[in-house]
Each structure stands twice: as structure tokens, then as C-alpha cells.
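Colleague: Here are the chains, one letter per residue:
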Amino acid sequence: MMIELLTKKYPGMRLWLAQRLSAVVMAVYLLVFALLLIVKQPAGYEAWMNLMSPWWWRLFTLLFFVSLVMHAWLGIRDVFKDYIFNPGLRAIFQLLVDVLLMIYLGWTIVILWSM
Amino acid sequence: MKFSIYRFDPDQDKKPYMQDYEVELQEGDQMLLDALIRIKAQDDTLSLRKSCREGVCGSDAMNINGKNGLACITKLQDLEEPVILRPMPGLPVIRDLVVDMTQFFEHYNSVKPYLVNNDPPPETERLQSPEDRAKLDGLYECIMCGACTTACPSFWWNPDKFVGPSGLMAAYRFIVDSRDKAEAERLENLEDPYRLYRCHNIMNCVDVCPKKLNPNEAIARIKDLKILRAKEKKTRKTIPITSAQG
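Chains as they are written, first to last, in the working numbering: chain F, 1 to 115; chain R, 1 to 246.
Keep in mind the hints are simulated off the structure, nothing from the lab.
The beta carbon of each residue, even a glycine, is placed where N, CA and C say it ideally should be.
Check each hint, because a few of them may be wrong.
The following residues of chain R were derived to be distant from chain F, with all beta-carbon distances above 10 Å [as the list claims (entries may be wrong)]:
1) Thr45
2) Val83
3) Tyr140
Examples of chain F residues lying across from chain R (beta carbon under 10 Å, computed) [what the hints assert, rightly or not]:
4) Pro11
5) Leu17
6) Tyr83
Reference listing, derived: stretches of chain R covered by chain F, where coverage requires no fewer than 3 residues with Cβ under 8 Å from a Cβ of chain F [stated by the list, open to error]:
7) 152-163
8) 183-196
9) 221-230
Produce the complete structure using the sequences and hints provided.
Modeller: See below:
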């Protein structure tokens, strides 16, 4: 269902919806993370490793960062659309942001799976 | 009372400029429009639109001390001096405080602001339950002064593509009308990434509306309805707007 909403059939809605969905994912993750911190109160390297290293938590964390990247990409894209009117210049800025976001995401994966 | 008013006559001026005025208010002068009429008596080269002078026609919408509003229902006692008056932002200036609202009305027309219903008309009229009628409250009262649309940065950046709060509220007014049969086409008509989805809910429209309406809420409801409709995948037959009669 959601996949269908996010397809080309709804060019306007899918971007809007993607931004909201990614926000929901981030909100849920941050809530769970906050609860975990309160309950476990990790102190020191070992405690943090124990908190972050379960595979399901790493996967959830990755989902959080994928949502963050998607959310940021859509937001910055809107800002560029509004303020940079030269298509060439806009494409350059967009490309810079795309590359930067991909680097961040790759870096996140490296960190998560080197634990 | 002191005023600083935007002046621009394209036939004479190369650039717009601000002109200072000082006007002696008389007893009974309560609204900004009263003062403007006195200024106009002093200097008849000043151009502005006005008509009903009671907040119904929407002609005298302008930017008053940085905020869009209607001169005829803006109290002089609430204004800081010098009162800075400019034309509504984001539209071409014809002269002084008079703007060209063609773009604004083109967007209004683009949402087909009339009932679309090809069912055979009943003998008397198309009836509506009081509950269905109540759904139009807060929507139909729009006087189309343009204050909201020209206060919206999304309209400033994409005036040719973004319908704007006023036009979108008109769209919603017909989407929820129980007598209208073109809901699907109306929602489809707002699908591209610019017409509806340029709204980022900053609510300048709600802030400035002289009729205290809430275009932002109407826009949010259109977005909700679009999701609902996509989810239901309704195949309900509706009439293409283009071939419909009002």
C-alpha cells in the first residue's frame, strides 16, 4: 500500500508522504532510544557497546539514518527549489548535497557494522 | 498622523520610492482607509483601490506596517507611526498601491470554483442537509482580497505554479460540497509537486486573513483526502471537470 503511494503515480503526494513517514520513523526511534537510555543508563564503553550492538538495534539505527537522509534530502531539495532559480546552479548544489548525504550514510553503515 | 507610502508610476518613475505624508485626522476617522482618503484629497496622484469600505469587497488589501490587511477595517489607533504602506508583495505593481491580480485569479480559475454535477437537476434545487452545509463554513466566506496568497513565501517563489492559500481553500470548498460530483478530478488536479505541495504550513495565510479564515487547515485536509482516496482506490465514477456544467 505505502509502496504504491510512494510510486510515480502520485508525483506530488509521494514526496510529501515520504517526508512525513521518515519523520515518524525518526520520532519512534528517538522515543525508544530515550527510553533505553533512561532504563539502562549506559556508562562507559562496554555499556554503550552492549546497548548499540544487537543486530536488531543496529538495523533500527540504520533505518533511522536512512530516514534522516531521506528527510534531509527532501527538505534541502525544497529549499533549493524555492531559492535557487538557475537550473544549472541548482543541479550543482543538489549534487553536492546528494554526495554528502551518501557519504554520511556510508559512514553510518561502516560505524554500525564495525562494532 | 504620519505615513510613508510606496509610490511608483511606471510612466514617470524609473524606480519605486517611499513618499512621506502627514495628515490631520478629523473626528470620525477611525480606519486606515479614512486617512488614505484624506491623503488622496491632499495628493490626487496617489492610486489605490477601494470600494465597499467595510471589509467585504477586498479591494483595499495592502501591506500595512509589514503585514497584509484591509485598509478599511484596520484601526488607525492600532498602527505605529509612521504607518508604512506598500502594495501587496509578490504581485506586479500597476501603480502605487494597486497590484495586478491576474496571476491570483488565474490560480483561482484553475481549481474550477463552481459546482460540477451532471445529474439531472431536480425540479426545484439541489438540496443539502444542514450538516453538509455546515462543512462549507469557514471556507465560503473568503473575499479573495489576496492578502493570504501574497503573504505566502511559497507563492513568492513560485507564483506561476503554486495555487496559493486562497485558491486552495476555494478548491477545498468545492471538494467537500455534497452537491459536487467531481471530487476525484479536483484532487487529481492538485497532484503535481507544485500546485498543492509547495505549502509548508508556515501559516502566514492564517496570520493575515482579514476574515479570520484558516486556509492552512483547508490545505491540510486536501492532503488528507488525497491519501484517503489513494488508499481506497475508489473507482467511483466522477465527471471530468472540463466537460461539466456548473
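Colleague: Against each hint, give a clear statement of whether it holds in the structure.
Modeller: Tested hints:
| no. | hint | result |
| --- | --- | --- |
| 1 | Thr45 | 35 Å, holds |
| 2 | Val83 | 31 Å, holds |
| 3 | Tyr140 | 26 Å, holds |
| 4 | Pro11 | 6 Å, holds |
| 5 | Leu17 | 7 Å, holds |
| 6 | Tyr83 | 7 Å, holds |
| 7 | 152-163 | holds (count 4) |
| 8 | 183-196 | holds (count 7) |
| 9 | 221-230 | holds (count 4) |
Violated hints: none; the structure is consistent with every hint.
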